[in-house]
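Chain order of the listed sequences is V and P. According to the numbering used here, the residues represented by the first sequence are 1 to 370, in order. According to the numbering used here, the residues represented by the second sequence are 1 to 370, in order.
Just so you know, these hints were derived from the structure itself, not from any lab. Note that the Cβ used here is the ideal one computed from N, Cα and C, for glycine as well. One should not assume that every hint holds.
Claimed, not checked - Simulated pairs of lysine to aspartate or glutamate, DMTMM-like, Cα-Cα distance not exceeding 20 Å: (1) V/LYS290 - P/GLU170; (2) P/LYS158 - P/ASP130; (3) V/LYS8 - P/GLU368; (4) V/LYS173 - P/ASP274.
Stated by the list, open to error - Which chain P residues face chain V? A few, computed with CB under 8 Å, are given here: (5) ASP82; (6) SER123; (7) ALA198.
Protein chains: 2
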Amino acid sequence: MQTGLSKKFGIEYPIFGFTPSEHVAAAISRAGGLGVLGCVRFNDPEELDAVLTWMDENTDGKPYGVDIVMPAKVPTEGTAVDLDKLIPAEHRAFVDRTLDELGVPLLSDDVGEASGVLGWLHSVARSHVDVALAHRPALIANALGSPPKDVIDLAHEKGVPVAALAGAVEHAKRHVENGVDIVIAQGYEAGGHTGEIASMVLWPEIVDALGDSAAVLAAGGVGSGRQVAAALALGASGVWMGSYWLTTSEYKLGAAAHGPSSIQRALLGASSSDTVRSRIYSGKPARLLKTKWTEAWSKPDAPEPLPMPLQNILVSEAHQRMSAADDPEAVAMPVGQVVGRMNEIRPVAEIMAELVRGYDEAVERLNEAR
Amino acid sequence: MQTGLSKKFGIEYPIFGFTPSEHVAAAISRAGGLGVLGCVRFNDPEELDAVLTWMDENTDGKPYGVDIVMPAKVPTEGTAVDLDKLIPAEHRAFVDRTLDELGVPLLSDDVGEASGVLGWLHSVARSHVDVALAHRPALIANALGSPPKDVIDLAHEKGVPVAALAGAVEHAKRHVENGVDIVIAQGYEAGGHTGEIASMVLWPEIVDALGDSAAVLAAGGVGSGRQVAAALALGASGVWMGSYWLTTSEYKLGAAAHGPSSIQRALLGASSSDTVRSRIYSGKPARLLKTKWTEAWSKPDAPEPLPMPLQNILVSEAHQRMSAADDPEAVAMPVGQVVGRMNEIRPVAEIMAELVRGYDEAVERLNEAR
Chain V
1 MQTGLSKKFG IEYPIFGFTP SEHVAAAISR AGGLGVLGCV RFNDPEELDA VLTWMDENTD
61 GKPYGVDIVM PAKVPTEGTA VDLDKLIPAE HRAFVDRTLD ELGVPLLSDD VGEASGVLGW
121 LHSVARSHVD VALAHRPALI ANALGSPPKD VIDLAHEKGV PVAALAGAVE HAKRHVENGV
181 DIVIAQGYEA GGHTGEIASM VLWPEIVDAL GDSAAVLAAG GVGSGRQVAA ALALGASGVW
241 MGSYWLTTSE YKLGAAAHGP SSIQRALLGA SSSDTVRSRI YSGKPARLLK TKWTEAWSKP
301 DAPEPLPMPL QNILVSEAHQ RMSAADDPEA VAMPVGQVVG RMNEIRPVAE IMAELVRGYD
361 EAVERLNEAR
Chain P
1 MQTGLSKKFG IEYPIFGFTP SEHVAAAISR AGGLGVLGCV RFNDPEELDA VLTWMDENTD
61 GKPYGVDIVM PAKVPTEGTA VDLDKLIPAE HRAFVDRTLD ELGVPLLSDD VGEASGVLGW
121 LHSVARSHVD VALAHRPALI ANALGSPPKD VIDLAHEKGV PVAALAGAVE HAKRHVENGV
181 DIVIAQGYEA GGHTGEIASM VLWPEIVDAL GDSAAVLAAG GVGSGRQVAA ALALGASGVW
241 MGSYWLTTSE YKLGAAAHGP SSIQRALLGA SSSDTVRSRI YSGKPARLLK TKWTEAWSKP
301 DAPEPLPMPL QNILVSEAHQ RMSAADDPEA VAMPVGQVVG RMNEIRPVAE IMAELVRGYD
361 EAVERLNEAR
């Protein structure tokens with residue numbers, strides 16, 4: 001399973017794995033894909049620096065990437081405290097009332113005051129870029145489309161290609177005009193931020209629109225070798241998988257001392273019908289696991305979600321409280337429709353082997369059908 | 001391009017083409033696929049009988065199918081006049097006002113009073129089955145899932161396999177338990193009635209759930225040979241295409257004397273973003289071309305759509321008026337996101353040749369990537 005793009009990156013398979021866990025990212029790279037570390041959770045640049053040093057040391061010299069969250073236009077932004085003031089009391093009251101109704105306990109004193117995920121702020125995301133470029137990332141990806149021009153130029157100066165998510169052809173074209181090297185075509189079924197156009201239509205449409213001007217990674221719905229084969233059949237140069245790594249053995253974020261975390265237990269039990277696309281996570285439409293939390297926000301008495309970055313600031317303490325509460329029915333977790341296929345906790349290497357085997361079988365089947 | 005299913009039907013390619021036009025259906029069968037005639041538009045059984053006689057004579061002895069619209073449970077239903085009384089005055093007023101605002105003229109006297117599309121009624125759909133079985137259909141498909149048990153039994157007595165649409169695994173399993181032979185896995189991106197799960201996730205999920213108990217046709221998003229390859233890679237036994245035939249040269253329904261109809265002109269100009277999933281066509285969620293008509297129904301002052309079959313009775317005269325008005329900006333037309341790829345009026349045979357060529361190229365690309 002090789003494409004021009006996998007050869008360019010010097011990786012064994014054109015499988016790009018996005019994950020907020022350095023343990024998962026490193027395992028993906030060691031298994032022959034390209035692990036891409038999500039940086040949005042790092043409020044402190046020094047913590048990211050330490051984690052990337054760990055990545056440097058634990059990837060057997062294989063390449064890895066980083067993923068930031070940065071709009072193309074630098075927004076006017078205040079401090080976290082200023083932004084806090086922009087959140088209506090009605091919204092805070094709704095969040096408090098909902099957590100109460102769901103029986104989610106307050107955070108214990110030793111957790112300290114929740115500061116929100118500052119990685120959504122431009123200044124913090126910008127620091128992620130600088131920290132990352134001091135290491136050896138093989139790719140900088142941006143979850144919000146093109147990063148600002150100066151970030152693209154800086155990455156290129158260091159010889160690092162830039163990837164950007166797109167949910168529609170016109171966005172993909174704009175990214176490439178801005179200097180982006182790789183477009184991640186993110187279909188409707190994907191976890192996290194998504195548009196309305198489903199992968200089967202979106203992937204070949206973006207491939208055709210970009211031609212030779214940029215490589216396309218297929219995102220949204222991929223969790224098997226058959227789906228990798230479908231992506232390459234549709235003209236993509238590789239796949240971008242995010243959700244599927246959340247139920248790997250290496251994924252320990254938010255984990256209890258023993259066994260799978262509440263979020264993992266929720267994911268293992270979910271079917272492909274158990275997701276919802278909503279603005280309640282970040283302020284922009286994102287696909288989430290359907291839980292009592294998302295259901296509460298879809299009731300008639302729920303307020304409209306706030307714009308980015310306010311919505312995430314509003315709900316970040318709620319996310320921490322639900323994570324600490326260990327109740328699989330009340331969690332906030334971005335995940336794609338492929339969650340229906342995530343039914344077992346398994347090591348990354350086992351999943352990679354299965355993807356390769358499934359790909360071969362699919363190509364075999366197509367050859368027989370000729 | 002051959003699968004077990006295409007061999008079983010004795011067709012050249014596992015491409016099943018749904019269309020309300022007998023001219024298109026016959027052309028699909030002649031070109032090596034299986035043309036499936038949509039019967040819902042035939043209020044008069046004798047008209048359907050005459051059209052199927054025409055199909056018998058114009059398909060070079062090749063197989064064709066028919067598609068009906070029939071819920072598994074026979075609903076209590078009155079006459080069209082009784083049903084008419086169940087439509088609230090508020091809804092009628094909204095439709096009249098909207099057509100007024102869109103500048104859609106009244107029907108001219110010679111068109112006569114609109115009777116609604118009675119094919120949505122069980123008794124009419126049941127007559128379609130009886131009429132069809134007096135001809136030589138190779139397949140009876142039902143757009144609303146399993147047909148009633150007696151219809152399945154009757155078809156099987158005559159040696160005719162039955163296909164049913166499904167948008168989720170549990171529906172697919174139920175269809176097979178009811179005796180359905182082929183499940184049409186209809187992804188979110190499809191035109192007409194759809195569920196929430198996109199093709200990339202839905203198709204392999206239904207394939208896995210059904211195993212050897214039924215063949216799966218992949219529907220939703222297919223308009224190129226690459227997409228056919230993706231469908232077979234994902235484990236489907238063939239594809240079911242509906243939208244893509246609407247812009248063929250053979251499609252003449254609602255056509256002006258010369259050149260493409262207003263609906264075709266609207267389709268040619270639409271991108272993959274120009275569809276919307278809404279209950280306004282039939283009462284159940286269906287993907288439609290986004291036009292001034294669908295936009296009017298999404299405004300805050302619009303009433304909630306009525307349940308099936310009332311909603312279709314409510315809007316059927318509006319559909320006729322818009323069709324006669326010849327304004328591409330105000331039409332009511334089910335179509336999938338693949339509409340973005342429908343940019344030219346072409347003969348069915350040319351599309352078939354392109355599908356086969358695109359399939360071969362995709363398989364070639366996958367072999368090179370191994």
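Each hint, compared with the structure:
1. This hinted pair checks out: V/LYS290 and P/GLU170 have alpha carbons roughly 18 Å apart, not beyond 20 Å.
2. For the proposed pair P/LYS158 and P/ASP130, the alpha carbon gap of about 11 Å is at most 20 Å, so the pair holds.
3. For the proposed pair V/LYS8 and P/GLU368, the alpha carbon gap of about 16 Å is at most 20 Å, so the pair holds.
4. In summary, the hint linking V/LYS173 to P/ASP274 is supported, as the alpha carbons are separated by about 18 Å, within the 20 Å threshold.
5. Given the 8 Å rule on beta carbons, the hint for P/ASP82 is violated: about 33 Å separates it from the nearest Cβ of chain V.
6. Taken as an interface hint, P/SER123 does not check out: its beta carbon lies about 33 Å from the nearest beta carbon of chain V, beyond 8 Å.
7. Taking 8 Å as the C-beta contact cut-off toward chain V, the hint placing P/ALA198 at the interface holds, the least distance being around 4 Å.
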